[in-house]
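Chains H and U, in that order, give the protein sequences.
Position one of the first sequence corresponds to residue 1 (the working numbering), numbered consecutively onward.
Position one of the second sequence corresponds to residue 384 (the working numbering), numbered consecutively onward.
Errors might be hidden in some of the hints.
[What the hints assert, rightly or not] Only part of the chain H face toward chain U is listed, based on derived beta-carbon distances under 8 angstroms:
| # | residue |
| --- | --- |
| 1 | Lys74 |
| 2 | Ala99 |
| 3 | His172 |
| 4 | Val175 |
Since the hints were made in silico from the structure, they are not lab data.
Cβ atoms here follow ideal geometry from the backbone N, Cα and C, with glycine treated the same way.
Protein chains: 2
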Amino acid sequence: MEDVAIVGAGQSVFARSCGESIRELCFEAYKEALEGLDITGNDIDASVVCSAPEYDKQRSPSGLISEYLELTPKPTFYVETVCSSSSTGLRVAWSLIKAGLHKTVAVIGFQKMSELSSRDAAERMGRGGDIIWESPFGITMPAGYAMYARAHMARYGTTEEHLAKVRVKNSHYGVANPKANYRKELSLEDILNSEMITSPLKKFDCCANADGSSCIILAGGDVAKSITKKPIWVVGLGAATDTMSMAGRKSLTGLQCAQEAAKQAYEMAGVKPQDIDVAEVHDCFTVSELLAYEDLGFAKPGEGAGLLEDKETYVEGKIPVNVDGGLLSKGHPIGATGGSQIRTIVRQLRGEATEAQVKDAEIGLVHNIGGVGQYGNVTILRR
Amino acid sequence: MEDVAIVGAGQSVFARSCGESIRELCFEAYKEALEGLDITGNDIDASVVCSAPEYDKQRSPSGLISEYLELTPKPTFYVETVCSSSSTGLRVAWSLIKAGLHKTVAVIGFQKMSELSSRDAAERMGRGGDIIWESPFGITMPAGYAMYARAHMARYGTTEEHLAKVRVKNSHYGVANPKANYRKELSLEDILNSEMITSPLKKFDCCANADGSSCIILAGGDVAKSITKKPIWVVGLGAATDTMSMAGRKSLTGLQCAQEAAKQAYEMAGVKPQDIDVAEVHDCFTVSELLAYEDLGFAKPGEGAGLLEDKETYVEGKIPVNVDGGLLSKGHPIGATGGSQIRTIVRQLRGEATEAQVKDAEIGLVHNIGGVGQYGNVTILRR
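Isolated chain H (complex conformation):
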């Protein structure tokens, strides 16, 4: 079976409100993904459209978007694992190519969250948890991650300052990212003094809702080499779940779905955590990035905060993480997020990252989580 590469990657500007219809929003990312390729839309064999439903009123958006991108009569379908939908889409597209059904597949992620009020959006997000036993009792996304933060603090002595330092780093890099929604550098004090959302998570410990789209184009090896000089190879794929219910979790000091997905991806790629040159991790909350350091093996359990103290996850450090600003700066348009993370790593491995380029990056990793650790996806890319 031939290898599969990413040949194009694009995203829209992530914004609080995009002022466009979802089809127009998706076109922005698709256009950037096709730029510089020796193909046109006619050469795309199929598309996978990724988002979380119910934020906008359009049902079955894959058909609509496929028509707008002039992909009819090519097949399209919709894939969802909430916040990790477009990483799941990549996994599916990779399989379609590997299985021989298609040569070139576009993975389009989007979310238009601005159609709902923040209150309604939070309610919809909560319904990504168990709506009989948990979400009606207040287990929303911030509350779920706050439980992880509290457990990590209790077990390892992690502090609110440690969490805030994730945002200090990410806000620093977000300033230089023209596609980010939030481009203001924040001090430790700004973060620690911001409004409490759900203890210990404060306003600036949380990423913001956004409108946005992303597009990743994959192709089989021979095709990939013929249409771009810089194919980025998908060498490791991991996917796992944890229980939907928080009550079913065996531990709250790490995300088991991420640990398991990482194990699979490292094994498939034949690499170890220390081989990774640059990573994008799912920092929907500051604590999520800290957990990711440990779940991915960049630090031992309980020692993630040390990486921040030593600035090892900055661009000059041992393992630069989220040097595009992360979700905390970019915003988190649910279905578009994974594709945006992948785009950043593609640009890093091509040496084309304008916000902060990691020198000679060869192997990159994307960690993308759905819900409060229900769905874990780890993808390893290589130039």
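Guided by the hints, dock chain U onto chain H, whose structure is given.
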């Protein structure tokens, strides 16, 4: 690459209202699919969950259902192409296995439509069309298919009696199907005299909303042979789209997505329409079955009604179609429908169909359409 087979197939009873939560509903189909196999749930590597969102309040149901079926930490995700979601799920599961990511994958389809009023359900369904340019102006599902019926009548002289004869056949076979929602035999007069819904489609020309679930378990060749004596091989897969907008259609006398998907599936399987021993086609309306005869090449364009006149699509005919009663008898729980059609063909090819067994059936076909011909899926199975 090894071949992929269906090793298990199950469905719940389709009913107007199931009185269960979606997780319990899915368990019914999963349990039947596992029956008689030399494996347990522990041997399932991954699941693909298929439905159309917004009928029930649970978001991201794949995680919830996966947990309830005790599949955690195996990966799961959600796939949607409205009414053809579980055929798309089968295509994706086939690719995951073929690509080497998994050995055994469960495709679980469900819909619990009873949580909405009929009026609300119709409105949601309409939003499967273009919500800016079309559905607000009345292009709901019945209206879309009525346009196809009118165009077919105008061009080929098809009559309302021809349409009604589809229901006469399907209601006849539905009586014997214990999983069907509607089990009463209907006469030509019953159908022609039923209430007008959207001319020329009357009440009995339309399938009914239902609650229901289906489950198809696929496995790679070696595994398949080791766990069942009767693997059913997936030999042809076709998928295509037509424009989301009705205004974009090039013709209204046939579904182009089905014609294209059929072409792909026949080519991949190396068979012709006349090789098919038994078929399940997407009879969401009577006219849909008539269009399918022609789109699949069982009859020439405009000659589909002749097959019915000659009873060639009855169980003793040249090409038996929907001899389990079809959606018109079973009901149409959106996400579960494709899986139910596949289950029927699996039972036919195994010689285990209790409602009406086609003698010595060796090759079967499933035609499953999403929306008003937006998504076409054709699957060819062989024993």
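Fill in: Residue hint H:His172, partner chain U, criterion CB-CB below 8 angstroms
Violated, about 33 angstroms.
Worksheet entry | Interface hint compliance - H:Lys74 to chain U, C-beta minimum distance less than 8 angstroms | Since the shortest Cβ distance to chain U is 7 angstroms, the answer is holds.
Item to complete: Mind checking the CB of H:Val175 against every CB in chain U and telling me if the closest is under 8 angstroms?
Response: Interface hint status for H:Val175: violated (33 angstroms vs cutoff 8 angstroms).
Worksheet entry | Minimum beta-carbon distance criterion (8 angstroms), H:Ala99 to chain U | Since the shortest Cβ distance to chain U is 4 angstroms, the answer is holds.
When held up to the earlier numbered hints, the structure conflicts with 3, 4 and fits the remainder.
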